[in-house]
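Student: Those protein sequences? They're chains A and B, same order as listed. 1 is the number of the first residue of the first sequence in this note's numbering; add one for each residue after it. 1 is the number of the first residue of the second sequence in this note's numbering; add one for each residue after it.
No wet-lab data here; the hints were simulated from the structure. Bear in mind the structure is a predicted one, so any value in this text is a computation, not a measurement. Please note that the accuracy of each hint is not assured.
Said to hold, decoys possible - Cβ-Cβ distance ranges computed for the label pairs, FRET-style:
1. A:M125 - B:N34: 11 to 21 Å
2. B:E44 - A:K180: 45 to 55 Å
3. B:E35 - A:A112: 17 to 27 Å
4. B:F9 - A:S155: 39 to 49 Å
5. A:S166 - B:E31: 52 to 62 Å
6. B:D43 - A:E141: 21 to 31 Å
7. B:C13 - A:E136: 23 to 33 Å
8. A:N84 - B:E19: 29 to 39 Å
9. B:N34 - A:N130: 24 to 34 Å
Each residue gets a CB set at the ideal place from its N, CA and C atoms; glycine is no exception.
Here is what each chain is made of, one letter per residue.
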Amino acid sequence: MLAKWKIQWLLTWYRILFFLGLKTEEVHYIGGSETLPPPLTREEEEVLLTKLPNVDNAVKSMLIERNLRLVVYIARKFDNTGVNIEDLVSIGSIGLIKAVNTFDTGKNIKLATYASRCIENEILMFLRRNNKVKTEVSFDEPLNIDWDGNELLLSDILGTENDTISKGLEHEVDKKLLKKALDKLSDREKVIMKLRFGLHDGVEKTQKDVADMLGISQSYISRLEKRIIKRLRKEFNKMI
Amino acid sequence: MYKTNEAKFCIMCGHKEKEGIMIHKGFICDECANEIVHTEVEDEKYSFFIQRMKELWVKNA
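So here's chain A without its partners, still in its complex pose (with noise of 0.2 Å):
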């Protein structure tokens, strides 16, 4: 009863220094927490909780500041990740403005378990993403800087193969040509080099697999297919 007396008391007085724009004269430093408002004991927490869904901006504002210390200790584990402290710590707040603002009260559940989850995951995500991009290497990376202050760029020393653009081209060509030598072959043999190849599907089917379809035996499908290929070949090379 006297810590709900006091905690509304604290939220009352914490309207007036809103309402009058009135701010205490500290200067908070990351490095001593010491400097930190106390975090809410379990009464105090539930009282602010209750008021929590009416989107008061005072008690928002409140849980927030009262669970700083919970940032700054769970930024404080990440510390050996080279990632500076106080960027730790903005991301670390960042994470408790959503936790309280996304913090169902229906839950059970407390709320500085809940935003120490949302703190953590923020920083983790964090890192996630920080290590992706170190392993990514701009096109306008410097790699050198010569006596005349000119820079050796990556986009500089990269190149791509002398076929790269004809190779495309002569793909287009092989395949009409290899259209055309098709046409010459009979119904069957086209259906045993649609199937084996998968030129209508993209579906290679296996020898085994072809010759189940048409009902001959494999090793048939075999030497037919030896000899459609040298078949094909002397089309194209007909055509060239």
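Once you've looked at the hints, dock chain B against the given chain A.
Tutor: This is chain B only, laid out in the frame that chain A set:
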């Protein structure tokens, strides 16, 4: 919706607003707070929020 008497400068967008949350010495307007909630680490604006968020800890105004 809770309003402050005087409009304050939002540490995120720099606009003078009345509605928002106050954390330490920093004021974040409702619009920016809402944007923060819906911004993911992959988003372009995320690094901007990280930088601006530092104002919460050192702002002395």
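Student: Evaluate each hint against the coordinates.
Tutor: Okay, the hints, checked on the actual structure:
1. Against the hinted window of 11 to 21 Å, the Cβ-Cβ separation of A:M125 and B:N34 comes to about 19 Å, which satisfies the hint.
2. With their beta carbons about 52 Å apart, B:E44 and A:K180 fall inside the hinted range of 45 to 55 Å.
3. Between B:E35 and A:A112 the Cβ separation comes to about 25 Å, which falls inside the hinted range of 17 to 27 Å.
4. Judged by the Cβ atoms, the range 39 to 49 Å given for B:F9 and A:S155 holds: they are separated by roughly 43 Å.
5. Roughly 55 Å separates the CB atoms of A:S166 and B:E31, a value that falls within the hinted 52 to 62 Å.
6. Between B:D43 and A:E141 the beta carbons are some 24 Å apart, a value that agrees with the proposed interval 21 to 31 Å.
7. Distance hint check: the CB atoms of B:C13 and A:E136 are about 30 Å apart, consistent with the given range 23 to 33 Å.
8. Between A:N84 and B:E19 the CB atoms are about 32 Å apart, so this pair conforms to the stated range of 29 to 39 Å.
9. Taken as a hint, the range 24 to 34 Å holds for the pair B:N34 and A:N130, whose Cβ atoms sit roughly 25 Å apart.
Comparing the model with each earlier hint shows no violations; every hint is respected.
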